[in-house]
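A.B. asks: Sequence:
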Amino acid sequence: MIIEKYDIRLRSLNEQDLEMVRVARNSDYIRNRMRLRSIISEDQQQQWYRSLDPARDVYMIIEYDGKARGIVNVKNIDYSMDSSESGLFFWDTGVLQSFIPVITSWLAAESGYLLLGGQQTQIHVLKSNATAIDFNINQGYTVVSDDGEVVLMQQTKKSFSAVTLKSRLSFLQSTLSTSQLMLHFGDHEQDDFREKNLMNYLKLIEVTPARQSGRTFWFDVDF
Numbered sequence: 297m298i299i300e301k302y303d304i305r306l307r308s309l310n311e312q313d314l315e316m317v318r319v320a321r322n323s324d325y326i327r328n329r330m331r332l333r334s335i336i337s338e339d340q341q342q343q344w345y346r347s348l349d350p351a352r353d354v355y356m357i358i359e360y361d362g363k364a365r366g367i368v369n370v371k372n373i374d375y376s377m378d379s380s381e382s383g384l385f386f387w388d389t390g391v392l393q394s395f396i397p398v399i400t401s402w403l404a405a406e407s408g409y410l411l412l413g414g415q416q417t418q419i420h421v422l423k424s425n426a427t428a429i430d431f432n433i434n435q436g437y438t439v440v441s442d443d444g445e446v447v448l449m450q451q452t453k454k455s456f457s458a459v460t461l462k463s464r465l466s467f468l469q470s471t472l473s474t475s476q477l478m479l480h481f482g483d484h485e486q487d488d489f490r491e492k493n494l495m496n497y498l499k500l501i502e503v504t505p506a507r508q509s510g511r512t513f514w515f516d517v518d519f
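297 is the number of the first residue of the sequence shown in my numbering; add one for each residue after it.
Note that these hints are calculated values from the structure, not bench results.
All figures in this text were calculated on a predicted structure; none of them were measured in a lab.
Don't be surprised by glycine CBs; every beta carbon is placed ideally from N, CA and C.
Derived DEER-like restraints, expressed as beta-carbon distance ranges: (1) S334 / K492: 36 to 42 Å; (2) T438 / Y375: 22 to 28 Å; (3) Y375 / H484: 20 to 26 Å; (4) N425 / D353: 20 to 26 Å.
Distance condition first, Cα-Cα at most 27 Å in a straight line; then the derived DSSO-like pairs of lysine-lysine: (5) K492 / K371; (6) K423 / K454; (7) K453 / K423; (8) K453 / K499; (9) K492 / K453; (10) K371 / K423; (11) K454 / K371; (12) K454 / K499; (13) K371 / K499; (14) K453 / K371.
Build out the structure end to end from the sequences listed, making use of the hints.
C.D. replies: Dropping the structure here:
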């Protein structure tokens, strides 16, 4: 599965990506910003990958300018309870002071609220990671609990739109980019399952693509 907008390309995590992600996750820079800071072995990474539920766990590689820069996820999706947990990290530290983390966060939120039909998501952040907390606040998240070590933050579709819509529209106008979100199936072994279930779900929640070509769909984003 591939999702594109804002010059960002999100593609489904596959088995060939696992070592790249594991090495990045085990780096001091990333690991020290995680709740779980132990070194992950190859076997542990494989076991984790096999445990993912394609209906409830979505992990996607972040690509910009043809290069893998990081990973984003929505996991533990519960459609009946309208709950999920989001996260992202960049191993390419050269992009951290650029606009790339911002537009990636925009695309992740648009994809979640448009394609998964949810109204809110949560994220856990170390309280010591003030940069991440401030970044998420600027994406419409608010702190809902604080245990002294980890902060639980929540973003709603409404808060995301209120905080970011003006900036998103301005970015699209300044870059002459398409305002539509592109969704494509066919690059991953689980895409037959994902396409069938996701497109049936979108019919149920009355989300219709603006246009379609084969297994590629374009959607308007109105929030």
